[in-house]
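Protein chains: 2
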Amino acid sequence: MHPDPFTAPLPPLTLGFTGNRIDRDDRIRRDPEALWAMTMNPAARWLVLDQLNPVVRSGTESPELLWVRRSEAPRADAVFLGIDAEGAPRFAVAGTASDLDDGEPMDARALASRLDGATAGLVAQARSLVDWHARHGFCAACGAATRPDKGGYARVCQGCAAEHFPRTDPVAIMLAIDLERDLCLLGRQPRFPKGFLSALAGFVEAGETFEEAVARELYEEAGIRTGRVRYVASQPWPFPSNLMMGAFAEATSFEIRIDEEELEEVAWMSRDDVRSALAGTGPFAVPPPLAIAHTLLKAWIDL
Amino acid sequence: MHPDPFTAPLPPLTLGFTGNRIDRDDRIRRDPEALWAMTMNPAARWLVLDQLNPVVRSGTESPELLWVRRSEAPRADAVFLGIDAEGAPRFAVAGTASDLDDGEPMDARALASRLDGATAGLVAQARSLVDWHARHGFCAACGAATRPDKGGYARVCQGCAAEHFPRTDPVAIMLAIDLERDLCLLGRQPRFPKGFLSALAGFVEAGETFEEAVARELYEEAGIRTGRVRYVASQPWPFPSNLMMGAFAEATSFEIRIDEEELEEVAWMSRDDVRSALAGTGPFAVPPPLAIAHTLLKAWIDL
Numbered sequence: 001m002h003p004d005p006f007t008a009p010l011p012p013l014t015l016g017f018t019g020n021r022i023d024r025d026d027r028i029r030r031d032p033e034a035l036w037a038m039t040m041n042p043a044a045r046w047l048v049l050d051q052l053n054p055v056v057r058s059g060t061e062s063p064e065l066l067w068v069r070r071s072e073a074p075r076a077d078a079v080f081l082g083i084d085a086e087g088a089p090r091f092a093v094a095g096t097a098s099d100l101d102d103g104e105p106m107d108a109r110a111l112a113s114r115l116d117g118a119t120a121g122l123v124a125q126a127r128s129l130v131d132w133h134a135r136h137g138f139c140a141a142c143g144a145a146t147r148p149d150k151g152g153y154a155r156v157c158q159g160c161a162a163e164h165f166p167r168t169d170p171v172a173i174m175l176a177i178d179l180e181r182d183l184c185l186l187g188r189q190p191r192f193p194k195g196f197l198s199a200l201a202g203f204v205e206a207g208e209t210f211e212e213a214v215a216r217e218l219y220e221e222a223g224i225r226t227g228r229v230r231y232v233a234s235q236p237w238p239f240p241s242n243l244m245m246g247a248f249a250e251a252t253s254f255e256i257r258i259d260e261e262e263l264e265e266v267a268w269m270s271r272d273d274v275r276s277a278l279a280g281t282g283p284f285a286v287p288p289p290l291a292i293a294h295t296l297l298k299a300w301i302d303l
Numbered sequence: 001m002h003p004d005p006f007t008a009p010l011p012p013l014t015l016g017f018t019g020n021r022i023d024r025d026d027r028i029r030r031d032p033e034a035l036w037a038m039t040m041n042p043a044a045r046w047l048v049l050d051q052l053n054p055v056v057r058s059g060t061e062s063p064e065l066l067w068v069r070r071s072e073a074p075r076a077d078a079v080f081l082g083i084d085a086e087g088a089p090r091f092a093v094a095g096t097a098s099d100l101d102d103g104e105p106m107d108a109r110a111l112a113s114r115l116d117g118a119t120a121g122l123v124a125q126a127r128s129l130v131d132w133h134a135r136h137g138f139c140a141a142c143g144a145a146t147r148p149d150k151g152g153y154a155r156v157c158q159g160c161a162a163e164h165f166p167r168t169d170p171v172a173i174m175l176a177i178d179l180e181r182d183l184c185l186l187g188r189q190p191r192f193p194k195g196f197l198s199a200l201a202g203f204v205e206a207g208e209t210f211e212e213a214v215a216r217e218l219y220e221e222a223g224i225r226t227g228r229v230r231y232v233a234s235q236p237w238p239f240p241s242n243l244m245m246g247a248f249a250e251a252t253s254f255e256i257r258i259d260e261e262e263l264e265e266v267a268w269m270s271r272d273d274v275r276s277a278l279a280g281t282g283p284f285a286v287p288p289p290l291a292i293a294h295t296l297l298k299a300w301i302d303l
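Residue numbers (our numbering), protein chains in the order written: chain U, 1 to 303; chain Z, 1 to 303.
These are computed hints drawn from the structure, not numbers from a lab. Just so you know, these numbers come straight off a predicted model, no measurement behind them. Every residue, glycine too, gets a C-beta built ideally from N, C-alpha and C. Watch out, some of these pointers could steer you wrong.
[To be verified] Residues on chain U that point at chain Z, a partial pick, calculated with CB under 7 Å:
| hint | residue |
| --- | --- |
| 1 | PRO42 |
| 2 | ALA124 |
| 3 | GLY143 |
| 4 | GLY223 |
[As the list claims (entries may be wrong)] Selected chain Z positions facing chain U (in silico; Cβ < 8 Å):
| hint | residue |
| --- | --- |
| 5 | ARG27 |
| 6 | PRO170 |
| 7 | PRO193 |
| 8 | PHE196 |
| 9 | LEU243 |
| 10 | ASP302 |
This is chain U alone, in the form it adopts within the complex (with noise of 0.2 Å):
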């Protein structure tokens, strides 16, 4: 007999992308000089991204930022990240690694999970801004073009002067959980892999609490009827801007009713399973560690 998910303690979890502790100091960058002398502080470091993808340093082993000088820097907007904690300015801008001495792109997903969280997170911060930016040129509001303002944590209408903002969409996602089989719910999307599987997931809408759409997402998805709700953890996801909120879902239906323009296969699966999954050996595939899909799955199995 396992002890009640929606009530026990929590094990320890770990999270993929967490733990970024650079200091954002949001003062500075509503103060045009402050920002200023950060830029021209001989400490400060640009990270480059090519096609949103970070500029690792060529030919090491384990992968490592490559923090350039701002003579190196790419001749763009660049987004304050914060000062680092020797004091050091750190920036994010779009750019080209072949125009760096010793720079390759790499893909932000693989790069992470072989980072420690705190760097991972930083690229997290850069990788949503950088892209952000890139994306919103132009006035929602007029059509006008925009200018990057507030060291890249808002873009200014040179038309009808609105003030835009950054996105962080919410994401619900859940482990719907049945408790007198001692099962889990889990899903493939039609663009994972076959024998992949995961929580399911949805954007957590307007008028609606993070519980409400938990239940929404799975009752659309899966036509599981939801009971009680419990959050358990919260994670960036730079894919682009997400911000994933993981919970345990306690489900009063078990009868699934797929949709399928959304999932190509829903399932309960057993502990078992899952323990085995977790440990590469199991019958289907689950998320890697970065996921926080992963997270939910550990927490559940380790209750």
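We have chain U; now place chain Z onto it with these hints.
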């Protein structure tokens, strides 16, 4: 001695704007024919928002949303809210109250505080989405005009075909707690009236977890360092489209250093003073039951 707010079971919570029970049926949104059938359904009804203020029936003692038929609804793009418990399709659309018989606009916040949670949640959904359309007539990627799609849950660029989706902005709102002295931290923004205090809050940014956002905001706004963070509840807040995520935060430093651009006053308050404030007899005022700050304060004193 009170139980530990970070591990004790939470008392029952009351939350404004929650309990929206409309069936949003996202399969209908994706199917233009099904959407058209919803529009032509004789039971379909429209809620008109005039300058984002929902139109209510004139002359009733308790406010009552005015749901109009298709023939009376403004001839403008409407948002499909979903299907109600009686099977009737419900829409929201921008319009003018004076064009309707027996209707007048009412401030959404004042209205919501007098509606049941489910209806207030529906008003939140309507207001956030109608507002998003009003401010997103153009493509942020290329500046061309956009048109609504998917029943109002997307806009498509008529130039570059980029798809844009409604925003939901996650906000961390937290009660920092001094466990030893049994106090909580409240603050006053410059726009609040004198004598009014609330929980501190700020947007969750790219590259951070909800818990990291809680700690960052407490440090930025009040100089307070954070230990444990406990998610308590969430709430939609349609001004314009926030997802308020409420937490208790364990203070590990106690000396207040105010960010004077954000706050005019920050102070540690006792449980007795908070109890009086919630009862309306306190040495200061706190947000009304509609706001999750109220829920957090009540949860803390009820632990």
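Checked hints:
The beta carbon of PRO42 of chain U is not positioned within 7 Å of any beta carbon in chain Z (closest approach about 25 Å), and the interface hint is therefore violated. A cut of 7 Å between beta carbons decides the hint on ALA124 of chain U: the least distance to chain Z is about 4 Å, and the hint holds. The beta carbon of GLY143 of chain U is positioned within 7 Å of a beta carbon in chain Z (closest approach about 4 Å), and the interface hint is therefore held. Given the 7 Å rule on beta carbons, the hint for GLY223 of chain U is violated: about 12 Å separates it from the nearest Cβ of chain Z.
For ARG27 of chain Z, the shortest C-beta to C-beta distance to chain U is roughly 7 Å, which falls under 8 Å, so the interface hint holds. With 8 Å as the threshold, the beta carbon of PRO170 of chain Z comes within range of chain U, its nearest partner Cβ sitting at about 5 Å, so the hint holds. Interface hint at PRO193 of chain Z: violated, since its Cβ lies 25 Å from the closest Cβ of chain U, which is beyond the 8 Å cut-off. For PHE196 of chain Z, the suggested interface contact is broken, since its CB lies about 24 Å from the closest CB of chain U, more than 8 Å.
Because the closest C-beta pair between LEU243 of chain Z and chain U is about 5 Å apart, less than 8 Å, the hint holds. At a threshold of 8 Å, the smallest CB-CB gap from ASP302 of chain Z to chain U is about 18 Å, leaving the interface hint violated.
Violated hints, in rising order: 1, 4, 7, 8 and 10; the structure is consistent with all others.
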